[in-house]
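K.L.:
If you read the sequences in order, they're chains W and C.
One point on numbering: in numbering that gives the first Met the number 0, the residue at position 65 of the first sequence is 64, and numbering is uninterrupted.
One point on numbering: in numbering that gives the first Met the number 0, the residue at position 42 of the second sequence is 41, and numbering is uninterrupted.
If you're looking for bench data, these hints aren't it; they were derived computationally from the structure.
Yeah, the Cβ is synthetic: ideal placement off N, Cα and C, and Gly gets one too.
Watch out, some of these pointers could steer you wrong.
Stated by the list, open to error - Examples of chain W residues toward chain C, derived with CB under 10 Å:
1) M100
2) C137
3) T139
4) K142
5) L146
6) G167
7) D189
8) A190
9) P191
10) H192
11) A377
12) E384
13) E401
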Amino acid sequence: MSDEVKDQEIKQANRMRGKKHLKTTQEISQIVKDYYTERSAKGRAPGQKIAWCGVAVPKQPLQAMDVLAYYPEQYGTVVATRGNPERFLSRAEAFGLTREMCGYARISIGFILEGLPEDAPLGGMARPDMLIVTTAVCDTRVKWWELMGELLNVPVYIMEAPEMPPAGRMGATISGGDMESAGIQIGRKDAPHTTVFVGQNYAGMIKFLEKVCGKPMDYKRLAEISKASGRVSKIRREINEYRKAIPTPMGSADAFAAMFPGMYMPGTPLADDFYTRLRTEVKERMDRKIGIVPEERFRLVWSGIPFWYNMGLINYFEERGGVVVIDTAYGCAAETTGNPRREPARWGMNGMVASVIKATVDYNCDGAVLSYTPTCRALYINQMEIQNTLMEELGVPSLLLESDMVDPSSFNEAQTMSRIDAFIEVVEELAKRREWLAEKK
Amino acid sequence: MSDLMAPFYEVLADRHGWLAKYKAQSGRRIAGYFCDYVPEEILYAAGLVPVRMTGGQGNVIAADRYLQSSVCSFARRCFDQALTGVYGYLDALITAHGCDVITKMYDLWAYRMKDPAFVHYLWVPHKVFDKDAPMVMEGEVKRLRKCVEEFRGSPITDEAIADAIAVYDQSRALLKRVYELRRGRPPAISGVEAFSVALSAQLMPRELHNQWVEALLAEREGKPSTLDDRPRVIVSASMIDDLQVVRAIEDAGAWVVADDLCTGSRYFWDQVGDPAPNPVKALTRRYLNKLPCPRSVDSLQPRLNHIQNLARDYSADGIIFYILRCCDAHLFQYPILNQRMQEAGLRVLYIQGDQTVGINEAIVNRIKAFTEMLVP
Numbered sequence: 000m001s002d003e004v005k006d007q008e009i010k011q012a013n014r015m016r017g018k019k020h021l022k023t024t025q026e027i028s029q030i031v032k033d034y035y036t037e038r039s040a041k042g043r044a045p046g047q048k049i050a051w052c053g054v055a056v057p058k059q060p061l062q063a064m065d066v067l068a069y070y071p072e073q074y075g076t077v078v079a080t081r082g083n084p085e086r087f088l089s090r091a092e093a094f095g096l097t098r099e100m101c102g103y104a105r106i107s108i109g110f111i112l113e114g115l116p117e118d119a120p121l122g123g124m125a126r127p128d129m130l131i132v133t134t135a136v137c138d139t140r141v142k143w144w145e146l147m148g149e150l151l152n153v154p155v156y157i158m159e160a161p162e163m164p165p166a167g168r169m170g171a172t173i174s175g176g177d178m179e180s181a182g183i184q185i186g187r188k189d190a191p192h193t194t195v196f197v198g199q200n201y202a203g204m205i206k207f208l209e210k211v212c213g214k215p216m217d218y219k220r221l222a223e224i225s226k227a228s229g230r231v232s233k234i235r236r237e238i239n240e241y242r243k244a245i246p247t248p249m250g251s252a253d254a255f256a257a258m259f260p261g262m263y264m265p266g267t268p269l270a271d272d273f274y275t276r277l278r279t280e281v282k283e284r285m286d287r288k289i290g291i292v293p294e295e296r297f298r299l300v301w302s303g304i305p306f307w308y309n310m311g312l313i314n315y316f317e318e319r320g321g322v323v324v325i326d327t328a329y330g331c332a333a334e335t336t337g338n339p340r341r342e343p344a345r346w347g348m349n350g351m352v353a354s355v356i357k358a359t360v361d362y363n364c365d366g367a368v369l370s371y372t373p374t375c376r377a378l379y380i381n382q383m384e385i386q387n388t389l390m391e392e393l394g395v396p397s398l399l400l401e402s403d404m405v406d407p408s409s410f411n412e413a414q415t416m417s418r419i420d421a422f423i424e425v426v427e428e429l430a431k432r433r434e435w436l437a438e439k440k
Numbered sequence: 000m001s002d003l004m005a006p007f008y009e010v011l012a013d014r015h016g017w018l019a020k021y022k023a024q025s026g027r028r029i030a031g032y033f034c035d036y037v038p039e040e041i042l043y044a045a046g047l048v049p050v051r052m053t054g055g056q057g058n059v060i061a062a063d064r065y066l067q068s069s070v071c072s073f074a075r076r077c078f079d080q081a082l083t084g085v086y087g088y089l090d091a092l093i094t095a096h097g098c099d100v101i102t103k104m105y106d107l108w109a110y111r112m113k114d115p116a117f118v119h120y121l122w123v124p125h126k127v128f129d130k131d132a133p134m135v136m137e138g139e140v141k142r143l144r145k146c147v148e149e150f151r152g153s154p155i156t157d158e159a160i161a162d163a164i165a166v167y168d169q170s171r172a173l174l175k176r177v178y179e180l181r182r183g184r185p186p187a188i189s190g191v192e193a194f195s196v197a198l199s200a201q202l203m204p205r206e207l208h209n210q211w212v213e214a215l216l217a218e219r220e221g222k223p224s225t226l227d228d229r230p231r232v233i234v235s236a237s238m239i240d241d242l243q244v245v246r247a248i249e250d251a252g253a254w255v256v257a258d259d260l261c262t263g264s265r266y267f268w269d270q271v272g273d274p275a276p277n278p279v280k281a282l283t284r285r286y287l288n289k290l291p292c293p294r295s296v297d298s299l300q301p302r303l304n305h306i307q308n309l310a311r312d313y314s315a316d317g318i319i320f321y322i323l324r325c326c327d328a329h330l331f332q333y334p335i336l337n338q339r340m341q342e343a344g345l346r347v348l349y350i351q352g353d354q355t356v357g358i359n360e361a362i363v364n365r366i367k368a369f370t371e372m373l374v375p
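All chains should be modelled from the sequences, with the hints used to inform the complete structure.
P.N.:
Laid out in structure tokens, this is it:
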């Protein structure tokens, strides 16, 4: 290989690695590493129960039962950002899972088929005693978890959470609270049985945990953990509130990393401490008007899953003078909501669409980046409607970028960059106007 | 003999034209529905004609603005036709929680389409065999009934539902008898014929369809077959809503003797049975316990059993899986299903389906090669 080619490759690898701007968020890499180290150590302890869980499974009952949880979706991002995803992706493909299917699923199935190797990134996930997933977010995970159960021969609990489209035909109404769950709306007033079913399934999950763990739930502890995670959520909402400031003190390049403790260890002192310090840092930056770029020329919202193997893509907007201010897929609730100068006539066809429209309004954004993961059924059907609704209701342009979330072979960098450049020209022009700002900067 | 098949073929040749004409003549309102988890009996009891939503094969142009090309081709085709007015005769539409795509399509239909006047979403549990599932499913069946009552402006009586169950159960029994004509070697009816009968049932008023099937059965049952002996295959698919796939297989020299399709055997195999004392509970029971779609939890074993029983009873030599691109429920279940089929001694062919592509030369060649392999 010539030095020039090698140089190019190093440059590209560096470009693909995301750059975080805040001090506190620099700790995340170590937190994730420690999380897995602690798990591999504890996982070998006799009697320690291990669960592989889907994102959005309530974590508090797991913590209250001392269950060690791994999240295959999160592990997919670990493999994509720290390892060689191809190793597991190709193993899954040989088994019969094609490239049109969820990349997270293919990585975890490939990891199982490889025999749960300990030389996998961060030591891999320890063999589980149980698998738990919820039907919220997507239906694909139901089949993915069942298949893992079949391959690992362990019990699976599926927690039903009926996602209901809005009643009537005018689409969603969305509250500030809905932003916490990425706009996913479970149950509906005119279908109370669906809400009852959620309760039955939550109780069913606790029973399942009690059975596998061989001990009763400690409800006092559960209440304490729930309270602690409620506090963490509140701090995160405060941080998001600050992100509305122009210039924004924290963008999504930092936020995608910073979500880890909140999503995977919400009721812990570590999460509390991390977000408390992050809040201080974000607030300070806001007060001192320290932005992500020297002069913040445009603000973007990111919809959908980021391309984990190329987090540097988000920094690319910064090179061009703009910031991805907020992202919606993992929740982006803030303390306050709305902007009467920018109220759309409708919010979009469902809560997931509405959450992006609302984030655009709430966080003073000029454009949207819609990560279009063709392997993700739950998201791919919404993105075009988000694009249509943003334009129809707010006149906000958006850019669809297509790739699987963990499979780099699905990404075309040169084409993507030139489309981003063209998009930025449009957004920058619009950002000069901002009639919806109370005071012009 | 083929004359009695003509009406079924006529419906399939131009289902939309046929229905529009029927609607104009009869004055009955038409209700489209997605997914075989929708309890059609409620719609039928309300005087509506329930018809299955189909996409058929062909290009997609109008729907491109809403659904990208990587989205399920069945969903895109259905929506494309709706946008171009093909489904203009629909008065009502019921979508069910079948999969992520069809679920989210509710919003598109409700929002982007002027007609139909009534659009309803029915949530169906994944855990269909769970002890708590009847509560939530019954709630959804009752909600459907209430909403349809509001739409038509008068109540739907228990008696009307019981009558609808009788018509539909009769249809299910008749369709099973048609399928059973293929048990013999050679079969007494071709796969194209049998599937035409089953598919057309879902596209027209059921009481009329029942009459046509009774006449056909009177002619065929107990008579010697006029067909030749050929390799015998089962078709399993995520969605087949026209004759192309079955016809391609039979043109290649095999008989399709049975199927594992939600528009075929899985659609009609299970009866509701006695509606007393509560027809809504009877419907709930039937729709939860029927042969499951792979989207449902714990569906692998019942599907395996069903296919293995069919293979035994219909003397199948092989199975062809026709799975639409991006159909996760099927794609995740396929690797294990494939293994088990091979272990059971069945030869397996996998075809990736796409309704915007249809059956092309490459697929035809693969089917031909597979069929030749099955010749003893």
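K.L.:
Take the hints in turn and mark each one as holding or not.
P.N.:
Do the hints match the structure? See the list:
no.: 1; hint: M100; verdict: 6 Å, holds
no.: 2; hint: C137; verdict: 5 Å, holds
no.: 3; hint: T139; verdict: 4 Å, holds
no.: 4; hint: K142; verdict: 4 Å, holds
no.: 5; hint: L146; verdict: 5 Å, holds
no.: 6; hint: G167; verdict: 8 Å, holds
no.: 7; hint: D189; verdict: 7 Å, holds
no.: 8; hint: A190; verdict: 6 Å, holds
no.: 9; hint: P191; verdict: 7 Å, holds
no.: 10; hint: H192; verdict: 3 Å, holds
no.: 11; hint: A377; verdict: 5 Å, holds
no.: 12; hint: E384; verdict: 7 Å, holds
no.: 13; hint: E401; verdict: 8 Å, holds
Of the numbered hints listed earlier, not one is contradicted by the structure.
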